[in-house]
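Asks: Here's the letter readout for the chains.
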Amino acid sequence: MNRAVLSTSISVGLATGLYGISFGAIGVAAGLDVLSVMLLSLLMFSGASQFAFVGVVAAGGAPITAITSAWLMGIRNSFYALRLTTVLGPRGLFKVLTAQLTIDESNAVSAAQIEPKDQKFGYWATGVAVFVFWNSATLIGALAGNLIGSVEEFGLDAAAAAAFLGLLWPRLRNQWQLAALGAFVAIITTPVLPSGVPILLAAAVALIPFGGKR
Amino acid sequence: MILTVILASLAVYSWKLLGYLVPERFITERFRGFADRVTVALLAALVAIQGFSTEGEIVIDARLGALAVAAVLLAIRAPYILVVLAGALVAAGLRALGL
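Chain order of the listed sequences is Y and S.
Each residue of the first sequence is one higher than the one before, starting from 119 at the first, in this note's numbering.
Each residue of the second sequence is one higher than the one before, starting from 59 at the first, in this note's numbering.
If we strip away everything but chain Y, and leave its shape as in the complex, we get (with noise of 0.2 angstroms):
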């Protein structure tokens, strides 16, 4: 175990609760039972996912565009098992449990340290912290509802955009051509595509093999 690792998540998975809290609260006000929000947490376990679905209940959408919604905003997730199967080598029915903790936060942590065993502690540390924080945070929210105010005037859209740099920040001095690249072709194709897809172009980014190793 490392102790700046165990520190690292259980800071990250802080972070997600702050936004967790408004994940509650947005839910509750799109109309969904306690329930529901808390089953979106605990199920699907997946931010961006969670905030699609509902967003789409809230603006009224049929069930099967916010299955589709949620889902498109997974893909990514496919990506990081395939980087985090190598670290973590799961076997057999652990692959299940492995799967459901997949998330921008585990497997970035993971991917920002250098020894293997780091990366294997780093990636269950944040997951479990995440999961456990996410889904507390989540309750709350949810309860409060109405009692919290707007996401915008507490800043934690804000919030979620430092934590995701926060994030990232590890890889910059290497990898910095990447992530422009990747930020610009994201940013430059939100106002045309459906959303979910710029996140994909940017991961096409990611074939073109330029920029220093990690």
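FYI, nobody ran anything at the bench for these hints, they're computed from the structure.
We put the CB at the ideal spot given by N, CA and C, even for glycine.
There may be inaccurate statements among the hints.
Simulated restraints, written as ranges between beta carbons of each label pair [what the hints assert, rightly or not]:
#, chain 1, residue 1, chain 2, residue 2, range
1, S, M59, Y, P327, 38 to 48 angstroms
2, Y, A298, S, I134, 13 to 23 angstroms
3, Y, G178, S, T112, 11 to 21 angstroms
4, S, V117, Y, A262, 25 to 35 angstroms
5, S, R90, Y, A298, 17 to 27 angstroms
6, S, R88, Y, I182, 29 to 39 angstroms
7, S, F84, Y, A176, 32 to 42 angstroms
8, Y, A322, S, A129, 24 to 34 angstroms
9, S, S72, Y, K235, 40 to 50 angstroms
10, S, L140, Y, V152, 28 to 38 angstroms
11, S, L61, Y, N292, 38 to 48 angstroms
12, S, L155, Y, N292, 36 to 46 angstroms
13, S, I116, Y, R209, 20 to 30 angstroms
To give an idea of the chain S side of the interface with chain Y (calculated C-beta under 10 angstroms), a few residues [said to hold, decoys possible]:
#, residue
14, L68
15, V105
16, I116
17, L155
18, G156
Take the given structure of chain Y and dock chain S to it, following the hints.
Replies: Positioned in the frame of chain Y, the structure of chain S alone reads:
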């Protein structure tokens, strides 16, 4: 609604599981390199979209200031949780000032 939530969760989960079902012999060194670079490209895309877009439009607002402060804190190796909290506080502060 519960059924929709469960179906959607299974749909999202299917992506997560898929990556673990690829046999290891197919995961070559080049492929690992790609999967590793994807992490960087996607996190950068998430920063851009979360920081500079609202409902499919490019928007420059208080989040820019929040990200700038976050970057400075990261550069001086501030703890991660502080970076995130500062991001929220700066954006909330700028908005309270009407920016």
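Asks: Next, verify each hint and record whether it holds.
Replies: Right, here's what the structure says about each hint:
A beta carbon spacing of about 45 angstroms between M59 (chain S) and P327 (chain Y) agrees with the range 38 to 48 angstroms that was offered as a hint. Distance hint check: the CB atoms of A298 (chain Y) and I134 (chain S) are about 22 angstroms apart, consistent with the given range 13 to 23 angstroms. Our hint of 11 to 21 angstroms for G178 (chain Y) and T112 (chain S) holds, since their Cβ atoms are close to 20 angstroms apart. In this structure the supplied range 25 to 35 angstroms holds for V117 (chain S) paired with A262 (chain Y), their Cβ-Cβ distance being about 27 angstroms.
R90 (chain S) and A298 (chain Y) have their C-beta atoms about 23 angstroms apart, which keeps the hinted 17 to 27 angstroms range intact. For R88 (chain S) and I182 (chain Y), the Cβ-Cβ distance of about 37 angstroms falls inside the hinted range of 29 to 39 angstroms, so the restraint holds. Taking 32 to 42 angstroms as the suggested C-beta distance range, the pair F84 (chain S) and A176 (chain Y) conforms, at roughly 41 angstroms. In this structure the hint that A322 (chain Y) and A129 (chain S) lie 24 to 34 angstroms apart at CB holds, the actual value being about 26 angstroms.
Take S72 (chain S) and K235 (chain Y): their Cβ atoms lie about 30 angstroms apart, and the range 40 to 50 angstroms is violated. Checked against the hint of 28 to 38 angstroms, the C-beta distance between L140 (chain S) and V152 (chain Y) comes to roughly 32 angstroms, which is consistent with it. Distance hint for L61 (chain S) and N292 (chain Y): a CB-CB separation of about 46 angstroms, consistent with the stated range 38 to 48 angstroms. As the Cβ distance of L155 (chain S) to N292 (chain Y) is approximately 38 angstroms, the hint placing it in 36 to 46 angstroms holds.
For I116 (chain S) paired with R209 (chain Y), a C-beta distance near 45 angstroms fails the hint of 20 to 30 angstroms. At its closest, the beta carbon of L68 (chain S) sits 8 angstroms from a beta carbon of chain Y; the interface hint therefore holds under the 10 angstroms criterion. With 10 angstroms as the threshold, the beta carbon of V105 (chain S) comes within range of chain Y, its nearest partner Cβ sitting at about 5 angstroms, so the hint holds. Against a cut-off of 10 angstroms between C-beta atoms, the interface hint on I116 (chain S) holds, since the closest Cβ of chain Y lies about 6 angstroms away.
Interface hint at L155 (chain S): violated, since its Cβ lies 12 angstroms from the closest Cβ of chain Y, which is beyond the 10 angstroms cut-off. With a least beta-carbon distance of about 12 angstroms to chain Y, the hint placing G156 (chain S) at the interface is violated under the 10 angstroms criterion.
Checked against the numbered hints above, the structure violates hints 9, 13, 17 and 18; every other hint is satisfied.
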